[in-house]
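Undergrad: Take the given structure of chain B and dock chain Y with the ligands to it, following the hints.
There are 2 protein chains.
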Amino acid sequence: MEVDHLADERSKAQFDVEEMKIVWAGSRHAFQVSDRIARLVASDPAFQKDHRARLGRKELFKNTLRKAAYAWKRINELRLTEEEASRLRFFVDEPAFTDLHWGMFVPAIKGQGTEEQQQKWLPLAHKMQIIGCYAQTELGHGSNVQGLETTATFDPQTDEFIIHSPTLTSSKWWPGGLGKVATHGVIYARLLTNGQEHGVHGFIVQIRSLDDHLPLPGITVGDIGIKFGSGAYNTMDNGVLRFDQVRIPRNQMLMRVSQVTREGKVVQSDVPRQLVYGTMVFVRKTIVGDASNALSRAVCIATRYSAVRRQFGSQKGGLETQVIDYKTQQNRLFPLLASAYAFRVVGEWMEWLYTDVTQRLKANDFSTLPEVHACTAGLKSLTTSATADGIEECRKLCGGHGYLHSSGLPELFAVYVPACTYEGDNIVLLLQVARFLMKTVSQLGSGKKAVGTTAYMGRVEQLMQCRCDVQNAEDWLKPSIVMEAFEARATRMSVACARNLSKFGNQEEGFLELSADLVEVAVAHCQLIVVSKFIEKLQQDIPGKGVKNQLENLCSVYALNILHKHLGDFLSTGCITPMQASLANDQLRSLYSQVRPNAVALVDAFNYTDHFLSSILGRYDGNVYPKLYEDAWKDPLNDSIVPDGFHEYVQPILKQQLRNAKL
Amino acid sequence: MEVDHLADERSKAQFDVEEMKIVWAGSRHAFQVSDRIARLVASDPAFQKDHRARLGRKELFKNTLRKAAYAWKRINELRLTEEEASRLRFFVDEPAFTDLHWGMFVPAIKGQGTEEQQQKWLPLAHKMQIIGCYAQTELGHGSNVQGLETTATFDPQTDEFIIHSPTLTSSKWWPGGLGKVATHGVIYARLLTNGQEHGVHGFIVQIRSLDDHLPLPGITVGDIGIKFGSGAYNTMDNGVLRFDQVRIPRNQMLMRVSQVTREGKVVQSDVPRQLVYGTMVFVRKTIVGDASNALSRAVCIATRYSAVRRQFGSQKGGLETQVIDYKTQQNRLFPLLASAYAFRVVGEWMEWLYTDVTQRLKANDFSTLPEVHACTAGLKSLTTSATADGIEECRKLCGGHGYLHSSGLPELFAVYVPACTYEGDNIVLLLQVARFLMKTVSQLGSGKKAVGTTAYMGRVEQLMQCRCDVQNAEDWLKPSIVMEAFEARATRMSVACARNLSKFGNQEEGFLELSADLVEVAVAHCQLIVVSKFIEKLQQDIPGKGVKNQLENLCSVYALNILHKHLGDFLSTGCITPMQASLANDQLRSLYSQVRPNAVALVDAFNYTDHFLSSILGRYDGNVYPKLYEDAWKDPLNDSIVPDGFHEYVQPILKQQLRNAKL
Ligand SMILES: Cc1cc2nc3c(=O)[nH]c(=O)nc-3n(C[C@H](O)[C@H](O)[C@H](O)COP(=O)(O)OP(=O)(O)OC[C@H]3O[C@@H](n4cnc5c(N)ncnc54)[C@H](O)[C@@H]3O)c2cc1C
Ligand SMILES: Cc1cc2nc3c(=O)[nH]c(=O)nc-3n(C[C@H](O)[C@H](O)[C@H](O)COP(=O)(O)OP(=O)(O)OC[C@H]3O[C@@H](n4cnc5c(N)ncnc54)[C@H](O)[C@@H]3O)c2cc1C
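Those protein sequences? They're chains B and Y, same order as listed.
First residue of the first sequence: 1, per full-length UniProt numbering; consecutive thereafter.
First residue of the second sequence: 1, per full-length UniProt numbering; consecutive thereafter.
Zero decoy hints are in this set.
Copies of one chain are not kept apart here, so a pair can be met inside one copy or by any two copies together.
Below 30 Å or equal to it, Euclidean Cα-Cα: the simulated DSS-like pairs (lysine-lysine) are:
#1 K662 with K127
#2 K49 with K662
#3 K127 with K49
#4 K627 with K12
#5 K362 with K127
#6 K537 with K448
#7 K21 with K537
#8 K634 with K62
#9 K58 with K655
#10 K62 with K49
#11 K478 with K537
#12 K21 with K545
#13 K537 with K12
#14 K362 with K265
#15 K316 with K439
#16 K49 with K634
#17 K110 with K120
#18 K362 with K449
Calculated directly from the structure, the hints in this document are not laboratory data.
Looking at chain B on its own, in the form it has when it is part of the complex:
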């Protein structure tokens, strides 16, 4: 009989968990799809989680190929919708070439290809008759895309482009799926025609033969080697690629925006450049969604284990204290729980933003683009950094046992952290946000209206002067008070930075010199966005007993924890007083007590299967210790009682016979 060791925790919950699951999933429909596909994956032996850390790179990779093929087979057999297929890949939970094929290659062609190109390439891609990757980064250039060195030289004689890697540092480096699998890639290269440079453009290049999978002539390609962690992202074949004068037909340059004519002239099409931003918003909303997925997963493990783990405080031989009852544990864990929910809400809002921007682009309305670009860049940076740190904090919250691979947390960390780097290094992105904010501030007097997530800056005069109204701890529960404090902080920091910048003769020099401050301004602005979107969400009707109340608590925890962590910002700009800061702290403590009885139910609402979590510490039933014990014996080192190497290397030490030993 299976015992639920966490049943007691679950019975304490003060809200309807089933309804919360729907909030988490986004809609009843989304919940049902997710739930059904999760079970499907978990119950299929072919998708069983391997002990990835025990596999060598080749075995690991081969097994990923197997799972990817099997997933594609099932997707077709079951005629899954796009939504269902994507959930299936999510629950299979193993990075694979298919991620880049669907997530970058196909969108790049959709976003940058002409109608004709789309008609030619998309059906092939959709049936996976070709497999694509996205090859932008080179050994020498990542962040600075304009610095890419690969060249695409137009040869009017043959109506072809010659793709070439002129230097070692121009080798493509990092693209996922490239190393061993992709047959094609969208390759970014510097366009040269008639002896002139025309910036970086994308080209569809075939890399491998569709017959024998060998690299085409002039192409050198391989895997770049092992990455962080065991298992983790090593199931992916991030690749290196060099071109030696490889020729492709002219119509394989992605020409939606710029075109090269038969004569080698570069002409702009009537499709506006800005259209490509649509893809960027799409990718970033996915990344923010992934952040809430990864963080919630770590929080789920740490929360359940913190309720199982007991340490100290036993009274007269009774049970010891559950570590989740320690305020220090709560002070580290609950803000992460709150962040997981907050990022979920923001991700949902970004879905709306994406739809909105797509419609505007169709109507040739580009007015919101700069703001949308800054906002999504900032949210990508904020949520991925917080998630990476949060996963590691969850691991530490599990004490020693969190360090075991079987806790699930080390691999989750290793597989997640590159999100801070790819699709824009987080610091580079924040600098872009800061640049936009400085521009917004500089135009405040000019009559140009601050829009979207910067609209609050329109109230700059009020926000520069307002005084926080908090008199007692509960005042910090009022959304209007929290909003004003965050808006005042962001505004005052922006204005102060703008003033400091204006002291420099050369704006660009000033920007470089003050960039560390500017990053902090950007962070303040982005945190405000998260808080405001969470608060907006709570102004809607949310059904289910106690559900809204829980979300309100989490929203307050999120905001007040940030206020505490960035107290210097709030105090130095005079947004709040030290006394008010101390009241915020009191309120935060009391919120922790309100979250406490609901904590396990709040992570149950993520609806993760044990298969997906793949964590002994995070098991739904809390049956941690017997399972840890059982699992230990499966380690290869336990195959024999006396370890391989004992006779050669340990015995001679013990017997003092090392002198003659061959080592």
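TA: Relative to the frame of chain B, chain Y with the ligands by itself:
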């Protein structure tokens, strides 16, 4: 010919690097030993670094056994001193059972064994005729040592103890070296005699036969499985151990402090209990030293690579900007460089503290013990947390390439992080510090003098009122001003917390409720210790051109960065004004400019060989790109051009033949 790509950087240094190497090593002697042994290890083919991430667990472990045996052989052949032997193990750079044997087993016997026991066991251990481990933690109890469940019941009939594991959770779990190698262990168990409990004590227990290495009757032992990362700490056989009524002679209880007589009576020896604290201080000073080792290693890699890496800012086709020139990069990197030096200085001071406390213990002077205990607990926590976070920040500072295993940073992180957990969970330790601080505050009026690192609290009245004297940015370079600000902050936070505590009827309840605040008080106190020890060091004469000046800059960077990061503390307690905070920031920026030309030389001063660093990004000669490229091809996935699994799993997708494929 080998080119030094960093030669230009090195020529910019404004100080004598050779002299700085001696400061870093601690003394000319220490430098020479270290330098000699580092070269010895680096040049010996038997110590070549394997590509650990490519080895399966068994191969990996066997290879560690080989290296450990070879190291021991060389130590004996070369008749190395203890200092030299320990440096050798350090530079071999692979966690092994020998770490626990020398680092925990031997010290435990020295610290807790009687003269007689030491005479019996130490010679065996010193010759490695037995190999020992340290088995305290159990599946169910780590932090709470008093909660351990293993029992040692005295049987007066046979004059033996019966060691037993009564529950699953009483299984020993985590001890390094236990899993596969140790023949003996110091086992902690709950002493039972005459039906009475007498708390937890240490026992020397033989685990495996010295003949065939099989576990002795009644003993179940094995490895607990794979841990964080690839390679990393997986070279260690952390173990699980269960006892089924295992009998050991009475004289194998470590009896320096408490003894069990032939009749089963527990008597205290005339050796004071406090003596065991000596070992604790010893272990913690080692951990702080290790923190500076690990952090400096990461910083060395990130600094060199940041000088090699160029991105953006090329003017008219010239070279792009080295990323180390970006202020955001400096703002992340230089405080870590400063921390590495700061922790080094603190580690050195702890050597003195250890000598001091040992002498006092010998003279039955226990007056400084509580303070020393708190101070070393706090420094262990502070330095290990900062180092773990710092390594990961260094990885991120390297952009995408930092994510490659060959950057050296992922493995360094994975191998280092448990330092935050073992030898006392960092939060649990900070709570102990806070407890001590609250006691100190409560006794301030009573005439009891605050000693050692809390001496500043004796000036509580002054520190509660003082006003910071800073008028312009350079004032922040004055040690007295920095010290006062840090002392005032720690004092005011302590006093405020003590006041809040006193509002609770039950002190213990108050302590639990306010524990998150208390942790912050402890951190403030520990940061003050680091700053003050660094400042004290600079009051000494330090030879070498420019050396002292560099250290002064780093000391200021360390202090002002903390001030900025914890600005809320300083402002809310009124220690400084917002204007002064802003001046501190200005000063910090200008310090970065002063550190910049010296950065590469400052990491050269760590004197790490390329062998030890094992990082392509951190290579001394900066020849990063060709070596990354070369290394990629060695990955097993590149053994064949078409990957294993292609024909079964990829071909059928491309050929639309998946339906019939067997997966
Ligand atoms: C797991 C993984 C998967 C990837 N997948 C792909 C893929 O499929 N396709 C693809 O094309 N690429 C891929 N990449 C590459 C990725 O997009 C780049 O690594 C990323 O853009 C960062 O660029 P970089 O590595 O050049 O970092 P760098 O720019 O070299 O960053 C190094 C440091 O310099 C700093 N820095 C750089 N510029 C500035 C500046 N202007 N101001 C201040 N600081 C600065 C950064 O903050 C960072 O600290 C992948 C990378 C990883 C790790
Ligand atoms: C790599 C590694 C090597 C090790 N080697 C050895 C060895 O050689 N020998 C050996 O005996 N042991 C060893 N250990 C075990 C190690 O000493 C313990 O893991 C450590 O003491 C932490 O205890 P724990 O795991 O029980 O954590 P827990 O105490 O269970 O911690 C879980 C959480 O509870 C919190 N918590 C616990 N108590 C309190 C409290 N009173 N107040 C507030 N919060 C609290 C912690 O902060 C943490 O967040 C090793 C561990 C590791 C990871």
